[in-house]
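Colleague: Add chain B to chain S, keeping to what the hints say.
If you read the protein sequences in the order shown, they are chains S and B.
Okay, so the first sequence: first residue is 1 according to the working numbering, each after it adds one.
Okay, so the second sequence: first residue is 1 according to the working numbering, each after it adds one.
Since the hints were derived computationally from the structure, they do not count as laboratory data.
Among the hints, a few may not be true.
Each computed EDC-like pair below joins lysine to aspartate or glutamate, with the alpha-carbon atoms no more than 16 Å apart [what the hints assert, rightly or not]:
hint	chain 1	residue 1	chain 2	residue 2
1	S	54	S	300
2	S	135	B	102
3	S	135	S	219
4	S	326	B	102
5	B	45	S	136
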Amino acid sequence: MTELQAERAGQRAAESLGVPRVEARSKRLRYLDVLIAVAAFAVLATLPFLFSSKALLDFVIRCSAFGLFATSLNLLVGYTGMISFGHGMFFGLGAYGFGLIMQRTGVPIPVAFIGTLLITTIVSAVIGAICVRLKEIYFAFVTLAFQMLIHSLILSWASLTGGDQGLRGGIPRPVFLGVDLSNHMHLYIVSCALLVIGLLLMRQIAQSPFGYTLRMIRDNASRASFVGIDVWRAKLTIFVLAALFASTGGIIMCLFVSGAYPEFAYWTISGEGIFINMLGGVTTFLGPMAGTVLLLILNDTVTRLTDYYGIVLGIVILFFAIGLRKGLMDFAVEWYEQRRDGAKESAR
Amino acid sequence: MDLDALTGCLASSACLVTQTTSGFIIGMLLFLVAVGLTLIFGVLKVVNFTHGAFYMFGAYFAMTAYQVTGSFALAMFCGAAGTAILGLVFERVFMSRVYGSDVLMQLLVCYAFVLIFDDVVRLIWGPEFKSMGMPTAFQVPPLFIVGGVVPPYYLLLIGVALAVAAFLGVGLARTKIGKVIRAAAHNPGMVSALGINTGLIYGGVFALGGMLAGLAGALAAPVRSLTPGMGFSVLIESFIVTVIGGMGSILGALIGALLIGLIRSFGSLGFPLFTDGLMYLFMVIVLVARPTGLFGKEVA
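If we strip away everything but chain S, and leave its shape as in the complex, we get (with noise of 0.2 Å):
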């Protein structure tokens, strides 16, 4: 079921309950959302145990890094119809700013995890207030213009950035209140934490009433402005909120390839960051983290089998953009929907 049938089916037993039910019900969701984290973290949480395999962990914390910022990004895309073709920019910019902070002052990891944070906030509604008033096509070319902006600026600022070796040397990473990134451990455990805690925090923005909002102004955005909705802000908000989570997943990167280079802020993370949404699907939550998982695992057994890899990447993409013509977990909502159908039919 995707969500706006759950919702429109929640709406139907809400007429027929009364209003009062339907808070209790969504409270109850959002307990069972918790819950979902919880279970999905203390699984993550004890694969080390059971397999030995560094390889597995490496994995698990890419798929953290790339999942914030693919799931990030449908929050615009999928949620809000807003097709940016730059957010990886804050992808760089995450891992930049973090390494660089780390690098120049030495504060504790938190205190930079938050300053990090901080500059995505300022440069995320800097772009956001520019970009956000433009319509589709050309917000995506602004969004992949300013994309570019940052990176050719890291290319040419060396003195800062390192140019195009990038920032080499290491990410010192003190010792803090016991938790210590320089052990793979502590790593995946805090890569895990940060994943879940983001996707959880991204899952409240959607089912909030303001993911509401959202999605009102994909389906509809001069309605909702009659409504009394002030749309250029509730942009700009979701703009800055999914910038965050990206610059979470750089942070990660960072903090697992110790260092930053200019191609985190090159236009094709953005452009695999959509891709990885297409090939998960935009109108399940997790479509992203499912894609993810699913372009990394592509990615890392065709590079080992063939030099060819644009070619079997191209002819899987073509598969599910003209062949199923939709992401994996729609297919998979839809394939389950259809299945339940039919029990109930022949139940009959």
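Modeller: Coordinates of chain B only, in the frame set by chain S:
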């Protein structure tokens, strides 16, 4: 930043001429690519992300044809005709399937083909840098115009691009086919109801756009090095050109391309590391001031 070099150049006529011509060359090649992009967008309402690949194929086709036949004219013809056929097949077989669906699906199909085309070129021609070399007919001493050096090949390039601009401008405004194309851009359902095959028009426009990109690639082959992925920076720059000029406007593409060419050639003197940044900055400024571009119409 090297502002002295920039002011020094602006003060000397020789440097001014050299930089302006090189700006025009960049601009004219960009125009040929961008005008195809803008035509395809204007008629089909599709943002063709594979356009850079057509530029790349044009260059490789021309190089191969030149190596086989030794004729420059034939090389140009092969570059343009080859990509026209490629464009037609690509549009009819793949792009026409995703017209109804949302922009993301179209972008995704294009993204897939950008990856595939780059690898196909790598497979056929190899991953290393290639060079076509200047044809013998143009291996003559450069011209000197008020002290500035201008290779004769550059004049040919500028001439071809201006001829294409005039041909397209007149063709779209004055001929019957031009009228049909404009009508199809405006209201394809009505045009099709009048008994005109809109599928053919779509295919034709895509082939024309692909051909212009291929021609640009073929013209660029003697002066640039050929490598898989060479289309990408051209694609991004021609996007900037179309966005600055206004999507769907031919005059806009011409003016935008010249502006970007001049920014690149003079910017490389004053801000050698930030040349790309200047371009993006310019685009941001234009779009903030005029969201539809310099010559774009208000989109509904």
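Colleague: The structure should be examined with respect to each hint, and the outcome stated for every one.
Modeller: For each hint, the structure was consulted:
1. S/54 to S/300: Given pair residue 54 of chain S, residue 300 of chain S holds - Cα atoms ~15 Å apart, limit 16 Å.
2. S/135 to B/102: holds, 15 Å
3. S/135 to S/219: holds, 14 Å
4. S/326 to B/102: With Cα atoms ~11 Å apart, residue 326 of chain S and residue 102 of chain B stay inside 16 Å; holds.
5. B/45 to S/136: holds, 13 Å
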